[in-house]
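One-letter residues, chain by chain:
There are 2 protein chains.
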Amino acid sequence: MHQEEATPAACAVHCADCAVRRLCLPMELGTADVDKLDHIVGRRFPLAQGELLYRTGSPFASLYAVREGQFKAYRVNRDGSEQVTGFHFSGQLLGLDAIGSGVHSCEVVALQDCSVCELPFADLEALLAKMPALRQQFHRMVGEEIARMQSVVLLLGKMKARQRLATLIVRAASVYEARGYSIEKFQLRMTHEDLSNYLGMTRECVSRQLTKFKQEGLVKVAPRELEVLDLAAIKTIAAGKAP
Amino acid sequence: MHQEEATPAACAVHCADCAVRRLCLPMELGTADVDKLDHIVGRRFPLAQGELLYRTGSPFASLYAVREGQFKAYRVNRDGSEQVTGFHFSGQLLGLDAIGSGVHSCEVVALQDCSVCELPFADLEALLAKMPALRQQFHRMVGEEIARMQSVVLLLGKMKARQRLATLIVRAASVYEARGYSIEKFQLRMTHEDLSNYLGMTRECVSRQLTKFKQEGLVKVAPRELEVLDLAAIKTIAAGKAP
DNA sequence: CGGGTTCTTGACACGGCTCAAGCGTAGTGG
DNA sequence: CCACTACGCTTGAGCCGTGTCAAGAACCCG
Numbered sequence: 045m046h047q048e049e050a051t052p053a054a055c056a057v058h059c060a061d062c063a064v065r066r067l068c069l070p071m072e073l074g075t076a077d078v079d080k081l082d083h084i085v086g087r088r089f090p091l092a093q094g095e096l097l098y099r100t101g102s103p104f105a106s107l108y109a110v111r112e113g114q115f116k117a118y119r120v121n122r123d124g125s126e127q128v129t130g131f132h133f134s135g136q137l138l139g140l141d142a143i144g145s146g147v148h149s150c151e152v153v154a155l156q157d158c159s160v161c162e163l164p165f166a167d168l169e170a171l172l173a174k175m176p177a178l179r180q181q182f183h184r185m186v187g188e189e190i191a192r193m194q195s196v197v198l199l200l201g202k203m204k205a206r207q208r209l210a211t212l213i214v215r216a217a218s219v220y221e222a223r224g225y226s227i228e229k230f231q232l233r234m235t236h237e238d239l240s241n242y243l244g245m246t247r248e249c250v251s252r253q254l255t256k257f258k259q260e261g262l263v264k265v266a267p268r269e270l271e272v273l274d275l276a277a278i279k280t281i282a283a284g285k286a287p
Numbered sequence: 045m046h047q048e049e050a051t052p053a054a055c056a057v058h059c060a061d062c063a064v065r066r067l068c069l070p071m072e073l074g075t076a077d078v079d080k081l082d083h084i085v086g087r088r089f090p091l092a093q094g095e096l097l098y099r100t101g102s103p104f105a106s107l108y109a110v111r112e113g114q115f116k117a118y119r120v121n122r123d124g125s126e127q128v129t130g131f132h133f134s135g136q137l138l139g140l141d142a143i144g145s146g147v148h149s150c151e152v153v154a155l156q157d158c159s160v161c162e163l164p165f166a167d168l169e170a171l172l173a174k175m176p177a178l179r180q181q182f183h184r185m186v187g188e189e190i191a192r193m194q195s196v197v198l199l200l201g202k203m204k205a206r207q208r209l210a211t212l213i214v215r216a217a218s219v220y221e222a223r224g225y226s227i228e229k230f231q232l233r234m235t236h237e238d239l240s241n242y243l244g245m246t247r248e249c250v251s252r253q254l255t256k257f258k259q260e261g262l263v264k265v266a267p268r269e270l271e272v273l274d275l276a277a278i279k280t281i282a283a284g285k286a287p
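Read top to bottom, the protein sequences are chains C and D. Here the numbering used here is used: the first residue of the first sequence is 45, the next is one more, and so on. Here the numbering used here is used: the first residue of the second sequence is 45, the next is one more, and so on.
In case anyone wonders, no lab produced these hints; they're calculated from the structure. Treat each hint with caution, since some may be false.
All copies of an identical chain are treated as equivalent in the list; a pair is satisfied when it fits inside any one copy or across any two copies.
What the hints assert, rightly or not - Straight-line Cα separation of at most 20 angstroms, EDC-like style, residue types lysine to aspartate or glutamate; simulated pairs:
1. 258 x 61
2. 174 x 77
3. 204 x 248
4. 204 x 260
5. 174 x 269
Note that the structure is predicted; figures quoted are calculated from it, not measured.
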């Protein structure tokens, strides 16, 4: 096993003891299977805020599982502009965009101090061949990624600004809920710039919509933090059933 | 082997002789491997225009490879509205949206008379375990699906109407080119309704943009058919380098 | 404390949506 | 063969939502 020294205690955690194993590849695997998976995990390492996990064009060698923190994934256009394709949280798998082509088609950056587990794809491949249960979990995560992208397409294709922001808040709440955090009050590490980019609108528009939500008493906004006062109402807006 | 009778001659074609094997799962597989894959193919059957391949909520059992024709995939919202998530052509794999959840999250309909090959997922799974080369091809196709979705997100998130339509034309041209058809003149089986839905705009807007292209001498439009007169110019527009 | 980023707010313009009417083509039945 | 209908496409007018531009406030970090 290749473990790094000189890393915080958290980095020594094995899959079996990991806080997010239920959200990650181990998911429903038995103890023996989790151990096998644990053995192929390469480095478990921290990333400081702003550091890149991988960049566009770099060759694909590993998938990465987020242990702690938040990441932003984005594509870089030829003209230099960015399109944020998603935000990723603990338990999620990063790098799936490259398993087809062998080259990363997007770039991933840490939005805060994070830690990740590296899964050398060749080793994972070999394990997938032997372990049907792991294969199933892997397919599940791939499927979730596709479904997630589809819902982004839906958001960008059909919704107005207000509904988009409401949808984002609802999803963020459910992400935090799944990870055992408060639904009422959570961190939004991304800037309005990133948020607006992801939502297909401008910074100003995000700000204005958020201000409206504030005025209507649906949320309270603190720097990098959001307090949800009326989740039900926001869900209604997200569903398109209320203006 | 389970083959259907009572179907056109085309439906009897095996993977080894299939016109689109280079675009489909067999891709770079050796003859022996292709044969193994061919053996698990369930029914190879035709679908008439307007028929559904699968519907939202139906349980996932098989993937489908498109042999001939064009399909439209779309999500149905709770309020009954649709979001077209993509158009699919020969050689592409349908049903990947469900491998995670076991339930189809979108609906697929034939835009013309089509034929498809059914791949029972349980059988494919078993084969994936044994054949590293097939696994690689499968991952490639999954990766392509993710990359495709990402590019749709980019289109919806960053482009104006004119650029979106140009992008669609360029992609359609490359799809037809890969399949050995003319790049200059090809069928667009989808209605403006579907097109606009996919592109995140309205019917009227598609029509107007198309009219502009016509006036500028970039395309000629016949019913359900598009003749590209100046692909280079359209590519420039799609790249965002010209108004 | 200063300098850079990030956020807010306003005024204005414009792209695309909405609504509405008219046109062309294909299919159907007398 | 010609109404008649249905459907998809086109075109116009007007309006609304967002983008754009600009200035200032708030915040963060060294």
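To see whether the hints hold, each was checked on the structure:
1. Taking the closest pair of Cα atoms, residue 258 and residue 61 never come within 20 angstroms of each other, the shortest separation being 40 angstroms inside a single copy and 63 angstroms across copies.
2. Taking the shortest Cα distances, residue 174 and residue 77 sit within 20 angstroms of each other both inside one copy (10 angstroms) and across copies (19 angstroms).
3. In this homomeric assembly, residue 204 and residue 248 come within 20 angstroms of each other (Cα to Cα) both inside a single copy, at 15 angstroms, and across copies, at 18 angstroms.
4. Taking the shortest Cα distances, residue 204 and residue 260 sit within 20 angstroms of each other inside one copy (18 angstroms), while across copies they are farther apart (32 angstroms).
5. For the identical chains of this complex, residue 174 and residue 269 are neighbours neither inside a copy (44 angstroms) nor across copies (49 angstroms), given an alpha-carbon limit of 20 angstroms.
Of the hints listed earlier, those the structure fails to meet are numbers 1, 5, in rising order.
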